[in-house]
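From first to last, the protein sequence lines stand for chains A and B. Using the numbering used here, read the first sequence as starting at 1 and increasing by one per residue. Using the numbering used here, read the second sequence as starting at 1 and increasing by one per residue.
These are computed hints drawn from the structure, not numbers from a lab. Watch out, some of these pointers could steer you wrong.
No distinction is drawn between identical chains; accordingly, a pair holds when it is met within one copy or between any pair of copies.
To be verified - Quick list of in silico lysine-lysine cross-link-like pairs, BS3-like style, CA-CA up to 30 Å: (1) K270 to K252; (2) K252 to K292; (3) K36 to K371; (4) K61 to K372; (5) K95 to K114; (6) K52 to K99; (7) K30 to K371; (8) K25 to K372; (9) K252 to K61; (10) K95 to K36; (11) K2 to K25; (12) K154 to K61; (13) K371 to K252; (14) K270 to K240; (15) K114 to K61; (16) K61 to K371; (17) K270 to K61; (18) K159 to K250; (19) K99 to K36; (20) K159 to K61; (21) K61 to K250.
2 protein chains.
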Amino acid sequence: MKFAHLADLHIGKRLYEYSLVENQKDILNKIVELVKVNCVDGVVISGDIYDKSVPPVDAVKIMDDFLSALSSLEIFIIIIGGNHDSVARLSFASKILEKNNVYISPVFSGNVEKIEMTDNFGRINFYLLPYIRPVNVRRAYEDFEGETFTEALKFVMDKINPDTSIRNVLVSHQFVTGAQKSDSEEIYVGGSENVAYTLFDDFDYVALGHLHMPQAVGRETVRYAGTPLKYSFSEISHKKSMTIVDIREKGKVEIEVIPLIPAQDLVELKGSLKELINESVVASVECNSFVKITLTDEVLKNDALDVLKQFYPYIVSIGYDNSMTRQNNVVQSRAVSEEQRPEEIVEELFVQQNNRQMNDVERGLTEKLVKKVWEREYETD
Amino acid sequence: MKFAHLADLHIGKRLYEYSLVENQKDILNKIVELVKVNCVDGVVISGDIYDKSVPPVDAVKIMDDFLSALSSLEIFIIIIGGNHDSVARLSFASKILEKNNVYISPVFSGNVEKIEMTDNFGRINFYLLPYIRPVNVRRAYEDFEGETFTEALKFVMDKINPDTSIRNVLVSHQFVTGAQKSDSEEIYVGGSENVAYTLFDDFDYVALGHLHMPQAVGRETVRYAGTPLKYSFSEISHKKSMTIVDIREKGKVEIEVIPLIPAQDLVELKGSLKELINESVVASVECNSFVKITLTDEVLKNDALDVLKQFYPYIVSIGYDNSMTRQNNVVQSRAVSEEQRPEEIVEELFVQQNNRQMNDVERGLTEKLVKKVWEREYETD
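Go ahead and model the full structure; you've got the sequences and the hints to work with.
Below, the structure written as structure tokens:
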């Protein structure tokens with residue numbers, strides 16, 4: 001059983017002011033070609049199909065074309081919802097699409113959908129688990145009392161009980177401990193989203209989505225496919241790829257990582273205006289690259305952007321790093337730490353605004369509110 | 001070829017403050033049963049599947065269940081988009097769904113999709129034309145210079161050129177001249193939306209959507225299916241139905257209209273508070289009806305709503321008709337006439353606010369703005 005593992009397409013995502021529609025079309029077309037030449041039996045997409053739960057029409061069209069192109073290859077397609085997707089929207093018509101070997105996981109209701117297949121090496125089962133948070137498990141199971149992602153996922157995994165005499169693949173969209181984050185994932189505020197990869201020990205391959213860098217976690221066969229494109233400058237050094245998984249007899253899994261070459265790459269440049277418009281520097285950058293520029297000139301130049309644009313037409317941001325900006329290092333806002341609970345973040349803001357700690361009533365209200373917000377976010381699915 | 005003709009499901013539509021989710025589920029379940037017992041070959045749905053171009057998740061789930069239930073009957077399903085639908089969203093995965101005899105018209109690009117079928121009587125073609133406005137035709141055809149709906153539709157119909165030696169069905173969502181409106185359709189402001197039914201002369205049956213009352217227009221075989229539920233009090237006297245169309249040999253079309261019975265009906269009551277809570281009046285109204293009440297008491301009663309709610313739990317609106325309200329007949333706003341162009345409506349408001357006519361500059365700006373608004377509305381699809 002040979003399949004392509006993809007994830008985190010984030011169709012509809014923008015890079016600063018730039019639409020990535022054409023870049024996304026391009027990379028998905030390239031993926032279709034790679035799927036074709038690699039003679040896979042199927043494609044597995046591990047969540048975050050769209051960037052928004054209500055994707056723009058453009059994005060829907062792109063995904064429609066991609067899905068149609070893949071389906072015309074007469075291969076199976078497995079899709080789960082990620083934290084960016086509205087699973088109910090994504091899984092529209094899924095019961096009918098199944099007849100054409102297009103499997104889209106339904107809204108999580110406690111059960112993990114199992115798809116049974118067979119090849120020359122015997123039986124192989126795919127388990128489809130869309131992104132879940134502890135609240136989803138609480139809704140589905142009255143007897144679940146856990147609070148953490150690990151507890152929630154463990155509870156659900158214990159229900160699966162796969163037949164380990166045959167081959168099993170899990171498709172999941174979670175943050176697995178030890179994996180390396182970028183800045184562009186939206187990680188659950190309040191921390192402890194991560195789950196242990198040892199939860200997946202019964203599976204011959206775990207096709208993960210959520211983190212943007214392609215990587216194995218814990219063992220070679222628990223893998224993030226990564227995004228097909230670089231979606232932020234924190235991903236600038238990533239080598240984006242499509243993962244080809246070949247599961248032969250039980251215990252034998254071969255992995256091949258095929259590079260994905262974008263239409264436009266991301267480039268960071270730092271130097272004085274004079275340096276950056278130097279012919280050799282300009283020549284070293286693909287002219288259609290998205291460029292993030294940091295100028296080191298001590299004297300700000302009003303027309304710097306106009307000058308630079310003549311050499312770099314896709315500038316996404318421009319900033320200064322000089323003695324002035326280094327001195328004037330006022331922090332206007334702060335990054336939200338994953339280690340803090342939402343209530344703590346609210347309280348910190350409260351203290352800044354009111355110059356006193358919260359009292360118990362205020363703290364109680366905050367906790368209620370935070371709880372309500374999370375529950376409601378669940379409801380919208 | 002025997003098929004059920006439906007239209008204007010408007011899934012997600014609300015009645016005043018009331019959700020109609022349960023009513024819609026109920027009527028669609030009843031429709032599935034009727035489809036089953038009537039042994040049809042297919043179901044045709046002539047647009048306005050959803051009430052909003054971005055339907056709520058509830059609505060998507062309801063439509064998903066309906067479509068799955070119909071598809072499990074192994075019949076064909078034809079769906080076009082109406083003016084309330086985002087055709088691009090609606091037609092997601094349509095290329096794959098076609099393999100399961102689910103045909104959803106794509107975004108109008110100038111061509112009218114043709115589906116060819118055969119039965120014991122020979123060949124029969126279905127033409128799928130989603131809702132179009134003149135601007136859609138202008139975008140698709142540079143040589144189209146018409147302004148009206150009739151010109152636009154005629155232009156498109158002329159391209160179809162159906163083989164009239166076989167049977168032809170057109171599925172369309174437009175306002176056809178002579179048909180009877182309700183208050184609940186959203187008719188193109190600016191008037192002249194209506195098209196002549198004679199445009200459809202080449203078709204053995206025309207399955208129309210847009211108007212909420214089931215009715216034939218011009219001839220028995222050009223028909224609006226109507227909404228499955230009453231969606232406003234202007235529809236209170238409608239007899240909602242599903243139309244069963246049996247097209248036998250060329251020239252022989254049999255129509256059967258099967259009543260659809262809602263879970264909750266609409267009722268209008270008028271009288272004094274005392275009269276309306278009289279036992280015989282209360283007994284004459286199904287207790288779960290949505291009720292619109294007009295009180296005729298000369299003295300307003302503060303607790304009237306509370307009293308009435310004990311007898312009529314689903315009151316959607318309450319008003320007074322007495323000597324005071326009849327005298328105090330100030331018109332706060334006015335209905336928008338279909339005969340007026342949008343520019344005229346804006347100018348009328350301008351005059352009211354500024355006590356003078358628009359000058360040419362202002363009139364020019366208004367025209368530009370109105371044009372831009374309509375073009376943009378097209379773009380969102």
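Now the hints, each set against the structure:
no., hint, result
1, K270 to K252, "neither (47 Å within a copy, 78 Å between copies)"
2, K252 to K292, "neither (44 Å within a copy, 70 Å between copies)"
3, K36 to K371, "neither (47 Å within a copy, 46 Å between copies)"
4, K61 to K372, "between (34 Å within a copy, 24 Å between copies)"
5, K95 to K114, "both (14 Å within a copy, 25 Å between copies)"
6, K52 to K99, "both (28 Å within a copy, 29 Å between copies)"
7, K30 to K371, "neither (43 Å within a copy, 39 Å between copies)"
8, K25 to K372, "between (38 Å within a copy, 28 Å between copies)"
9, K252 to K61, "neither (38 Å within a copy, 40 Å between copies)"
10, K95 to K36, "both (26 Å within a copy, 19 Å between copies)"
11, K2 to K25, "within (24 Å within a copy, 41 Å between copies)"
12, K154 to K61, "between (37 Å within a copy, 29 Å between copies)"
13, K371 to K252, "neither (45 Å within a copy, 64 Å between copies)"
14, K270 to K240, "within (24 Å within a copy, 70 Å between copies)"
15, K114 to K61, "both (28 Å within a copy, 21 Å between copies)"
16, K61 to K371, "between (36 Å within a copy, 26 Å between copies)"
17, K270 to K61, "neither (38 Å within a copy, 51 Å between copies)"
18, K159 to K250, "within (22 Å within a copy, 59 Å between copies)"
19, K99 to K36, "both (21 Å within a copy, 21 Å between copies)"
20, K159 to K61, "between (37 Å within a copy, 26 Å between copies)"
21, K61 to K250, "neither (39 Å within a copy, 39 Å between copies)"
The structure shown violates the earlier hints numbered 1, 2, 3, 7, 9, 13, 17 and 21.
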